[in-house]
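Reading the sequence shown from the start, the letters are residues 1 to 1059 in full-length UniProt numbering.
Errors might be hidden in some of the hints.
Claimed, not checked - Below, computed lysine-lysine pairings styled on DSSO-like, alpha-carbon distance capped at 30 Å:
no., residue 1, residue 2
1, Lys-636, Lys-694
2, Lys-384, Lys-374
3, Lys-363, Lys-342
4, Lys-605, Lys-300
5, Lys-527, Lys-883
6, Lys-299, Lys-268
7, Lys-1033, Lys-945
8, Lys-883, Lys-636
9, Lys-852, Lys-702
10, Lys-981, Lys-945
11, Lys-538, Lys-125
12, Lys-735, Lys-803
13, Lys-636, Lys-658
14, Lys-890, Lys-852
Think of the hints as simulated: they come from the structure by calculation, not from any bench.
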Amino acid sequence: MSSSPLSKKRRLGESESKTGSNCSSGKSVQTDLREAPANGMAKNGSETDIDEGLYSRQLYVLGHEAMKRMQNANILVSGLRGLGVEIAKNIILGGVKSVTIHDQGIAEWSDLSSQFYLREEDLGKNRAEVSQTRLAELNSYVPVTAYTGPLSEDFLNNFQVVVLTNCPLEEQLRISDFCHSQNIKLVVADTKGLFGQLFCDFGENMVVTDTNGEQPLSAMVSMVTKGCPGEVTCLDEARHGFESGDFVSFMEVEGMKELNSCEPMEIKVLGPYTFSIGDTSNFSDYVRGGIVTQVKMPKKISFKSLRTSLPEPELVITDFGKFDRPGQLHLAFQALHEFHKKHGHFPRPRNQADASEVLSLVKDLNEQAMPPLKQEHLNEDIIKELAFQASGDLAPVNAFIGGLAAQEVMKACSGKFMPIIQWLYFDALECLPEENKDTLTEENCSPKHCRYDGQIAVFGNELQVKLSQQKYFLVGAGAIGCELLKNFAMIGLGCGQGGEVAVTDMDTIEKSNLNRQFLFRPWDVTKMKSDTAAAAVKEMNPSIHITSHQDRVGPDTERIYDDDFFENLDGVANALDNVDARMYMDRRCVYYRKPLLESGTLGTKGNIQVVIPFLTESYSSSQDPPEKSIPICTLKNFPNAIEHTLQWARDEFEGLFKQPAENVNQYITDAKFMERTQKLPGTQPLEVLEAVFKSLVTDRPKSWGDCVAWACNHWHTQYSNNIRQLLHNFPPNQKTNSGTLFWSGPKRCPHPLTFDVKNPLHMDYVVAAANLFAQTYGITGTRDREAIVELLCQVQVPEFTPKSGVRIHISDQELQNANASVDDSRLEELKSSLPSPQQLHDFRMFPIDFEKDDDTNFHMDFIVAASNLRAENYDIPPADRHKSKLIAGKIIPAIATTTAAVVGLVCLELYKVIQGHKRLESYKNGFLNLALPFFGFSEPICCPKNKYYNTEWTLWDRFEVQGIQPDGQEMTLREFLAYFKKEYKLEITMLSQGVSMLYSFFMQPAKLKERHDQPMTEIVTRVSKKKIGRHVKALVFELCCNDDSGEDTEVPYVRYTIR
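Work out the full structure: start from the sequences and follow the hints.
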């Protein structure tokens, strides 16, 4: 995800610089935002700096330039039912200049099924006016105005982007004609039950500065030929990844220096390591080196108006399994508008006469359609289904289409990412009952004058009752968790007798969360996420039964989330941000045989996976390949990219301010520390004790001045002395045995730095390092640079002369093969030189845990300075604080639009889970990338089948063994082994519980004889050296078995019940 586009800045078009009042006298309501809010946020505007504390995760998706363009855009959202409020919410969170919400309608029962800012007491009031104050709270940088008058041309002229929802086709055409003529960008969105529609018109001269949002690729050059075209060969460390038609630029090429000053050149890919460029025949001869980098080139797109596009639509496919459906739905949505124009209402739920009339209208439209749109065969079932659901209003569909529509608005404002060209249709008809669709009668789906009428119109009343009785566990209350809770409240999950939603999250709310975790407000910062989110959705639907917890899920909390807890659940939804926790919850769901809804986002990308007992594979069944790690020798001596210097700086932080302090404290308080340290592999014992000795003896400061002196000396060690030693070992012109320069290819030749108190970067390092070092000793530091400069003038930096005989490893293989024996005499010397723990009983150090989001704690100050100084050593382009935080802090880029869309898809799967769908093809795993835009759906992978003898089994199966016999006695190991021999004809060769080996065929006879007649729980307790908790109803045993022919055979695990 790019933090700033590399292409030229796009000049704002005339329409993008418009300003003007968004209100008409007597018909608008606005929050007074003239005073700066108490949370430190300033009012938005063209001169305002972007609040990186609030928008940090979104900035990593969009970049500063795109965000600045968005801050100049006034947006109109018309139609404040469920879809309109979803779009408005996402745009406001995104940080545009202003949002005006428009609606002339009043709140009705059917609105409450998805309009999360309407309450029952708001029925009969104007939807826009009621929603305005609640939407305005989302982002105090974005003024929100409610308008209830007509959409006149004068009024529309105030906006750069207009969004229409819940709008008649005639009105859409009128507004589209005007907007297209005035270069005002238009988005039209609509949902009908399980169907969705989206249309975009961004004018005839839309310029996209970055079509995919990916970081520009770069590669190292090893050869460039002279010719027409010239051919470029890259180092074979990794494939270049370019595509034909890409543009690239060159830097640091030696010899053929003309390449370094060329305009971006279009390439043609010849192979994974080669590509051709323009004419190089008149260039100088290539000598060596060079870096080639992809350049994002602006792309111009011309859109048709709604009126022009309607008869000849360009369609984006959302599901390649429904390739023929968009054209049919394009006609059917027009027929619905015709029906509404004639009758003043949409077709009634499950009304056959109304559906037949819509079908007749579609046939007429198809007869008159132009060849590109004319359908050879109309799918009458689909058309009638749309008519049946036309008055339906579902929160998950609104979340999905609303997320997409809001992202299109951001594209329109910013020129970032490829827009939808121009029509998109979506349906989720798999959510309907697999069997007994005849239960969906007109009577069953008719309005009940309750908040779920919009949902009952689609699914009938029976599913509503089921939803209300569900018990669900939501793990995580961050961005995905907030969106899930909103949808749960809207659809009525756990809102009836016996129903409940439990949510857990151990985190507190931070400012950076507010940009996408929309249930939280500035005054909630520092409160618990789960408590705050639960209270917020309780306001949306007071009927929801919700309990909040603050516990991390894992082995440590199995006393809380025990057998009783899980056995009571109907299902689990994950809203987690790390793989380990996901895999743990996946294992729990497999063990308790509970359905799991899994999802995740990364910038504009999102995925969903549904895990169904006995039907699909589990989350853990397939895993992504591990991230490629940076070789140790690259980090230590041969960095060639800013990622290398940032990782080195993170390692420095841990090795200076955390690990030594932790080791010192353990040395003082833990009697077995020395014994444990000496058992560490390789040279680690010496390294740990050297660090402890330094912290307690040689480097231990007595004053703030000592801390400044330490920082100064450490600066010289890292950025001057170590580099001089490296160049002593490997001089700049040294050649390898093959005759090539040692400092070539990925090895960049460094140069030492000279310390200068007038250099801001040098001082940044000293200020941060000295303060952090002081904190580890409980010494008070200062930010006063003048005072620090005075102290630096008193520091005597020892002279350094490079030494001969110093070994520097040039590869990780060489490092591994090096003699890793410990210098025992030095080890003994250190042990005797250390002050005894008794002498230090009153002394403690203060280890520092890295925290990237606090700009006052010196952590990122140190990382940025340390990394950029090392980058300067190696002539690597530096990174600003924003990019440094992304890489060093391993931040996951995030944006509210993707989260909303992904969660919408998750909740569509929830409908299927709760109805008990049994066909694999009914479920949909999904992947989307809103930047491209791309949507991919596939049926989940079936759980793999295994076999012993003639018994088939999957990961969902197990042996059930009752540990307590009918006589009340527990099964012994001998009885357990005999049970499997008798019942299953399986000879157990190994038996384990967790990491404890309970039995194996090669066990010593004496030990085997001792265990044979012991109860199973006694063996477990003795081997694991842990008591079995009272909350544990059953133990899990893993088996290795032979069949009756003596062959090893794979078998399920054992659930051994003890209570």
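Evaluated hints:
no.: 1; hint: Lys-636 <-> Lys-694; result: 21 Å, holds
no.: 2; hint: Lys-384 <-> Lys-374; result: 18 Å, holds
no.: 3; hint: Lys-363 <-> Lys-342; result: 17 Å, holds
no.: 4; hint: Lys-605 <-> Lys-300; result: 24 Å, holds
no.: 5; hint: Lys-527 <-> Lys-883; result: 29 Å, holds
no.: 6; hint: Lys-299 <-> Lys-268; result: 19 Å, holds
no.: 7; hint: Lys-1033 <-> Lys-945; result: 28 Å, holds
no.: 8; hint: Lys-883 <-> Lys-636; result: 22 Å, holds
no.: 9; hint: Lys-852 <-> Lys-702; result: 29 Å, holds
no.: 10; hint: Lys-981 <-> Lys-945; result: 23 Å, holds
no.: 11; hint: Lys-538 <-> Lys-125; result: 21 Å, holds
no.: 12; hint: Lys-735 <-> Lys-803; result: 21 Å, holds
no.: 13; hint: Lys-636 <-> Lys-658; result: 19 Å, holds
no.: 14; hint: Lys-890 <-> Lys-852; result: 9 Å, holds
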